[in-house]
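Between the sequences and the hints, there should be enough to build the whole structure, so can you do that?
Same order as they appear, the protein sequences are chains E and F. The first sequence begins at 0 in numbering that gives the first Met the number 0 and counts up by one. The second sequence begins at 0 in numbering that gives the first Met the number 0 and counts up by one.
Hints may contain errors.
Short, incomplete list of chain E residues facing chain F, as computed with Cβ under 7 Å [said to hold, decoys possible]: (1) F7; (2) Y284; (3) E330.
Label-pair ranges, simulated between beta-carbon atoms [stated by the list, open to error]: (4) F:E327 - E:Q115: 43 to 49 Å; (5) F:D336 - E:T56: 52 to 58 Å; (6) F:P119 - E:E318: 35 to 41 Å.
None of these hints come from the bench; they were simulated from the model. Cβ atoms here follow ideal geometry from the backbone N, Cα and C, with glycine treated the same way.
2 protein chains.
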Amino acid sequence: MNYFSSDFKLGILGGGQLGKMMLTETRKFDIQTYVVDPSTEAPCQFGATKFFQGSLTDYDTVMHLGNQVDVLTIEIENVNLEALETLENQGKKVYPSPKTLRLIKNKGNQKDFYTQNNIPTAPYKRYKTLPALRIDVENGVIQLPFVWKATEGGYDGNGVKVVRQAIDLEHLPETECIAETMIPFKNELAVIVARSASGEIKTYPVVEMEFHPEANQVEYVICPARIDETVANKAREIALKVSESFNHVGLLAVEMFQRADDEILVNEVAPRPHNSGHYSIEASYTSQFEQHIRAVLDLPLGNTDSKVAGIMVNLVGEEGFTGDVVYENIEKIMAIDGVTPHIYGKRETRPFRKMGHVTIVNENMAEARKVAQQVKETIRVISK
Amino acid sequence: MNYFSSDFKLGILGGGQLGKMMLTETRKFDIQTYVVDPSTEAPCQFGATKFFQGSLTDYDTVMHLGNQVDVLTIEIENVNLEALETLENQGKKVYPSPKTLRLIKNKGNQKDFYTQNNIPTAPYKRYKTLPALRIDVENGVIQLPFVWKATEGGYDGNGVKVVRQAIDLEHLPETECIAETMIPFKNELAVIVARSASGEIKTYPVVEMEFHPEANQVEYVICPARIDETVANKAREIALKVSESFNHVGLLAVEMFQRADDEILVNEVAPRPHNSGHYSIEASYTSQFEQHIRAVLDLPLGNTDSKVAGIMVNLVGEEGFTGDVVYENIEKIMAIDGVTPHIYGKRETRPFRKMGHVTIVNENMAEARKVAQQVKETIRVISK
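Next up, the structure:
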């Protein structure tokens with residue numbers, strides 16, 4: 000297949016920052032892209048060959064895009080799966096496959112899938128309704144504390160809650176859910192796996208999420224994770240197994256816990272480029288976005304090794320600021336060696352909105368970590 | 000100045016591959032760009048905030064662009080300088096300055112400038128007409144062989160010719176010219192200098208052009224150059240001096256000869272991102288394109304060091320092929336670790352047309368050099 004400066008067209012469902020960073024790569028290769036997003040002001044409004052405004056959950060919109068392109072991929076999971084299934088049945092190449100998207104979408108099914116495939120994951124029990132869970136808690140079948148997860152609709156921490164006392168159950172939505180054993184973990188890790196249509200497969204190094212000591216929020220994504228090599232190898236092997244079990248095509252970000260005893264448990268997966276792989280643009284031989292394009296087009300996969308240590312800091316809207324965005328002190332962080340801001344292109348900031356990220360690279364991890372803290376303490380996403 | 004996700008607009012004259020690679024950086028920073036190019040199919044047709052078709056040498060077109068933007072830069076030198084001068088006089092920020100562009104445009108004036116500023120360059124003599132040069136050759140004032148250069152209008156080797164015998168003079172165009180002493184050189188080197196509006200200045204490492212042993216064509220641009228550190232330091236110091244002498248703002252690529260006795264002579268300069276800096280996208284902490292944007296916007300300059308060794312191979316149209324381009328064996332080179340093709344986005348190939356480039360990076364220079372040769376021998380730019 001001739002993709003480069005040709006009539007070939009790649010469709011992308013979703014025009015947010017992940018799509019935008021994919022477009023950097025399709026422009027580099029001069030591959031035509033058709034992108035749909037609900038917002039006319041989406042980050043992908045520039046850089047695509049054609050950009051359409053439309054609802055990603057609308058059957059006709061997805062069919063319309065699919066019919067105009069040769070291969071279809073996503074940058075967000077919440078899309079109309081019926082349309083993707085129809086397109087796939089009609090012979091269109093859809094990566095990742097709608098079957099995988101459907102399976103991942105339901106956290107109960109996702110957990111069952113891990114169990115069926117001997118992939119280590121935290122113990123859990125599924126509930127069709129909240130009252131059923133309440134009864135199990137009352138009867139001591141489920142021990143407190145535990146993690147409640149809505150099976151569908153959660154994102155960025157929504158739909159997940161730690162239940163410490165019976166009273167916490169009162170504030171949960173009435174929906175299908177799972178109760179998961181709370182895992183006391185040493186580290187939260189992630190591995191991105193790339194798998195191409197013809198089955199070539201590669202893993203990126205293990206990354207580590209470093210949390211704020213008090214706020215319990217991820218502050219830094221660190222590559223490589225500061226863990227033993229045996230643990231890292233185990234995490235990469237498990238991630239590989241997850242991707243293979245799904246027969247996944249494209250990128251799969253596998254989020255994991257490292258238990259106190261160094262056992263690895265899979266938490267959940269994202270079937271696309273992922274926040275935990277943003278460091279790769281500056282640090283890796285092949286960025287996760289280029290790799291995703293290579294995988295879904297069945298091109299050879301690129302080297303996943305790092306050139307240098309990389310740390311990623313998210314730029315989220317500061318509390319108390321809503322309106323036209325200002326990146327306060329961005330010039331100050333740009334004066335530091337190895338610091339690269341990525342601005343997603345959203346004009347309006349809101350508290351906690353993902354507005355961009357900053358990558359810090361350095362030959363020396365300790366130095367990178369020091370600079371990352373400096374970056375975090377310097378830049379602020381506020382409004383005019 | 001707030002550039003990021005704001006109303007600020009950067010104008011770029013020229014929409015070719017250099018502009019396209021600048022747009023990758025302006026998109027990363029979400030900086031608005033207005034671009035003009037004569038071709039509606041130019042590589043910059045995607046990725047700019049606004050793209051206009053128009054002649055770069057037309058006064059009104061350049062004025063029209065300039066009046067819509069806050070800062071104006073170029074990706075090609077051959078633009079209407081009168082318009083840039085008017086805009087600058089009206090207070091518009093134009094980087095590089097039209098004064099520098101005018102000076103560089105005339106190779107006679109450029110050589111005089113080096114002489115006046117004690118910048119080492121090959122001995123030369125200026126001629127208003129070709130007959131005047133002929134008389135000097137007949138009278139032995141100019142020794143054969145020498146290098147003839149048209150003072151204006153040359154590009155990519157056009158307008159430059161080695162005169163070995165008197166008969167060679169017969170085939171030269173009747174134009175103002177210089178006769179330059181031929182320098183037997185060990186190496187052709189280049190240094191890219193970045194200088195910001197407020198005078199911050201940094202040099203990239205010295206790169207080396209490796210020539211084909213028979214064809215006398217540059218085959219590889221190699222960073223860092225395989226030369227002594229003392230020679231490299233001298234080359235960087237001279238390049239720094241050139242940029243400072245011009246009071247240049249933006250990137251200045253300084254091409255130099257390393258003589259047999261290790262003296263460095265300046266050959267010529269390009270006041271913009273340059274082919275000799277393409278390696279920087281994959282190899283450097285800060286790519287030349289990001290650096291150009293930083294410099295013209297008076298942001299702090301980024302680190303010019305390399306993460307790894309880099310080699311660049313140009314992808315030019317093969318002789319005997321004209322028409323819709325095919326990058327034969329591109330998949331084969333993409334299967335090699337550390338190999339990144341850049342496809343500029345020109346649908347039609349012609350013999351020797353610059354269609355793209357390939358960067359090879361590796362921790363080990365000898366390995367990178369081996370891979371570069373493999374790339375060169377594998378990929379072919381042909382037509383359907």
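Consistency of beta-carbon spacing, Q115 of chain E to E327 of chain F, with hint 43 to 49 Å:
holds, 45 Å
Supplied contact hint for Y284 of chain E, tested at 7 Å Cβ to chain F
holds, 6 Å
With chain F as the partner, please determine if E330 of chain E meets the hint condition of a C-beta pair closer than 7 Å.
holds, 6 Å
Cβ-Cβ distance between P119 of chain F and E318 of chain E: within 35 to 41 Å?
violated, 59 Å
With a cut-off of 7 Å, does the beta carbon of F7 of chain E approach a beta carbon of chain F closely enough for the hint to hold?
Nearest chain F Cβ about 12 Å off; hint violated.
Tell me if the beta carbons of D336 of chain F and T56 of chain E are separated by a distance inside 52 to 58 Å.
violated, 40 Å
In the structure shown, a violation is registered for the earlier hints numbered 1, 5 and 6, in ascending order.
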